[in-house]
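Starting from the known structure of chain A, fit chain B onto it as the hints suggest.
Protein chains in written order, with our numbering: chain A, 10 to 417; chain B, 133 to 223.
A portion of the hints provided could be inaccurate.
Below, in silico cross-link-like pairs of lysine-lysine (DSS-like), each with a Cα-Cα straight-line distance of 30 Å or less [to be verified]:
id: 1; chain 1: A; residue 1: Lys311; chain 2: B; residue 2: Lys150
id: 2; chain 1: B; residue 1: Lys194; chain 2: B; residue 2: Lys140
id: 3; chain 1: A; residue 1: Lys311; chain 2: B; residue 2: Lys194
id: 4; chain 1: A; residue 1: Lys322; chain 2: A; residue 2: Lys311
id: 5; chain 1: B; residue 1: Lys197; chain 2: A; residue 2: Lys311
id: 6; chain 1: A; residue 1: Lys322; chain 2: B; residue 2: Lys194
id: 7; chain 1: B; residue 1: Lys197; chain 2: B; residue 2: Lys150
Simulated restraints, written as ranges between beta carbons of each label pair [stated by the list, open to error]:
id: 8; chain 1: B; residue 1: Ala185; chain 2: A; residue 2: Ala331; range: 50 to 60 Å
id: 9; chain 1: B; residue 1: Leu215; chain 2: A; residue 2: Glu298; range: 52 to 62 Å
id: 10; chain 1: A; residue 1: Ala271; chain 2: B; residue 2: Lys194; range: 24 to 34 Å
id: 11; chain 1: B; residue 1: Gly148; chain 2: A; residue 2: Arg133; range: 34 to 44 Å
id: 12; chain 1: B; residue 1: Ala185; chain 2: A; residue 2: Asn130; range: 23 to 33 Å
id: 13; chain 1: A; residue 1: Ala206; chain 2: B; residue 2: Ala211; range: 22 to 32 Å
Rather than coming from a laboratory, the hints here were simulated on the basis of the structure. Here a beta-carbon is modelled for each residue, glycine too, at the ideal position from N, C-alpha and C.
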Amino acid sequence: MTSRVAITGIGIISCLGRGKEAAVTAVRRGQSGVRLIASFEASDLQCRIAGEVLATDFHEREFKQHDRFTRFALIAAAEAAGQAGVPDLAIPGHRIGTLIGTGLGGSETLDAAYKRIYGANQSRVPPLTIPNAMYNAASSAVATLFKARGPSMTTVSACSSSAHAIGQAAHWIRNGLADVMFAGGAEAPLTLGVIRAWESMRVLAIDNEKPERACRPFSADRRGLVLAEGAAVLVLESFESAKARSRKILGEVCGFGLTSDAGHITDPSPDGAARAMEMAIADAGLTPEAIGYINAHGTATKANDIAETEAIKRVFGERASAIPISSTKSMHGHAMGASGAIEMALSLEALNRGFIPPTINLDEPDPRCDLDYVPNEARAGTAEVFLSNSFGFGGMNAVIAVRTRSGI
Amino acid sequence: MTRDEIEKKVVAIIHGQKTLPPDSISRSTLLAEAGIDSLDALSILFELEETFAISIPDDRAKEIKTLDDMVSAIEEQLATGTLDVKTQGRV
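The shape of chain A in the complex, shown without the other chains:
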C-alpha cells in the first residue's frame, strides 16, 4: 500500500524576504532581490552582488548558536510547521522525519575558522566548528526543534541537493517509512572564500552597477549566475495523515526523477536533464501532455540555458513552445543547494494563487532559447501539474512533479 504525498506546510526565507508571502509578492511583481553584498566587507571582490538575505529579516540572536545555513533552515521549517500544525500529538515523533539538502553546508563557520588559522595565525578555533559546519547540521537542528525522531538524513548534490531531498522524502512517505517529513534545502554560501572560488570559475554575472539586472536567464546578453542564500522547507505528509488531521492540502509531490549525466563535471547534458524530466512524469503516472508549467533550472549561464531548452524540446516535442517556463532565479539568484526547494515552493504558491511566475530581465532572448519563458511580467493562469527542474554540478539531475490544488 503506497501513500500519496501531500504538501501541508511551506516556509521560505530568501533575498525576497522572510516568509512565503513576501517571496510570492515579489515574484508576482517581478521584483529582484539581488543587491550589493551588505553582510560583510566585499569591496575587494570582483563580484560584489548577491541574493543576500536582509539583516532586517532575521534577528541577530535568532538560532544564533548555529551556522547561517542552519538558521535559515530553522526559520523556514518553523514557518512550514506553523502552517501544517506540526508537531501534533496525533503524530508520534518517530513517524516524523527530516531531509534537508545543502550544497556547501556551514561555509561561514569554516571560513571563519580558517581565517583564524591561516589569516590571523591563531592556533585555536571555536569549539562548535565541526558540529556547525557539518552538512547534516540543518537536518539535525530541524529534527531536534520539532522532536522529529523518524528518518533523518541530508542530501548533498550541489544545485540539486534540495530537489533530491524533496523527491527522496516523498518516496519515504509513499513507501511508509514516515508519515510526515520536513524536506527542503538551506544554503549560506556568501563568504569571501566561496565567492572567490566562484569568481575563478568565471561563471558569475558581475554587474555591480545594476544588481537587479544581473541575472538574465535565457537572455541573449546573459552573463552568468548570481549567487544567493536562503532556505525553503516543506512539510510533506501522507494523504491519510493530512486528512485524518483535517489539514489543508496545498499540493502533492506526485513524481520524482533523478539521473546522472555521467559526462562532464560542470558542462550540462541535455540527455541527463531530459531523462530526469521523463522519469518524474512517469513516476507520477502521467504523460508529458499533463504538464502545464515548468520551473526551469535557468541559471543564466551560457551552457545551462541552451542545454535545458534542448532537453525540454526533447521531452515535450512540438508542445514545448506551448508550455510556460520560467526561471525565478532571475529574481532570487541561485541559492545552490536551497534553490530547488525555493523554486518548487514559489511555483506552487504562485500557481495556487492563479499566476505564472515571470522570468525577469528578458528583453531579447538568445536565439537558441526559443520557448515561452514568461518574460518580465507574471501572467494570469495556473497548471494542474508542473515540473521543477534542478541540475547540479557533477551531472546530478533532479526533477520534481507537483500537483497544485487545482489538480487534486
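This is chain B only, laid out in the frame that chain A set:
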C-alpha cells in the same frame, strides 16, 4: 619578455596541467580540439595569471581559442603592468 619566451612558458604550463602528446599544440590548434576542455582551460588560465602576475578579464578569456590567443592575451596584460599577489583579483 619576448613573445617566444611567453609562448615557451605557456606551452610548459599547458603540458603541466594536461597530459598531451608532445607537439600536439601548434600556435593555431584549437585548444578544444587538442582535448583541453573548459575546466582544463580555467586551470591553465589560473596558472598563467599566477605565473605572469596578471589578471585576464572574463570577457577576454572567453575569446581565447588557441595557443596564439593565449600568448596575445598575456602580452596585452603584461603591457598594462603586472599586479601584486594581493590585488590580483581586482578589476
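Here's how the hints hold up against the structure:
| no. | hint | result |
| --- | --- | --- |
| 1 | A:Lys311 / B:Lys150 | holds (25 Å) |
| 2 | B:Lys194 / B:Lys140 | holds (22 Å) |
| 3 | A:Lys311 / B:Lys194 | holds (11 Å) |
| 4 | A:Lys322 / A:Lys311 | holds (18 Å) |
| 5 | B:Lys197 / A:Lys311 | holds (17 Å) |
| 6 | A:Lys322 / B:Lys194 | holds (28 Å) |
| 7 | B:Lys197 / B:Lys150 | holds (16 Å) |
| 8 | B:Ala185 / A:Ala331: 50 to 60 Å | holds (54 Å) |
| 9 | B:Leu215 / A:Glu298: 52 to 62 Å | holds (57 Å) |
| 10 | A:Ala271 / B:Lys194: 24 to 34 Å | holds (27 Å) |
| 11 | B:Gly148 / A:Arg133: 34 to 44 Å | holds (38 Å) |
| 12 | B:Ala185 / A:Asn130: 23 to 33 Å | holds (25 Å) |
| 13 | A:Ala206 / B:Ala211: 22 to 32 Å | holds (29 Å) |
Figure legend: structure checked against the earlier numbered hints; every hint is met.
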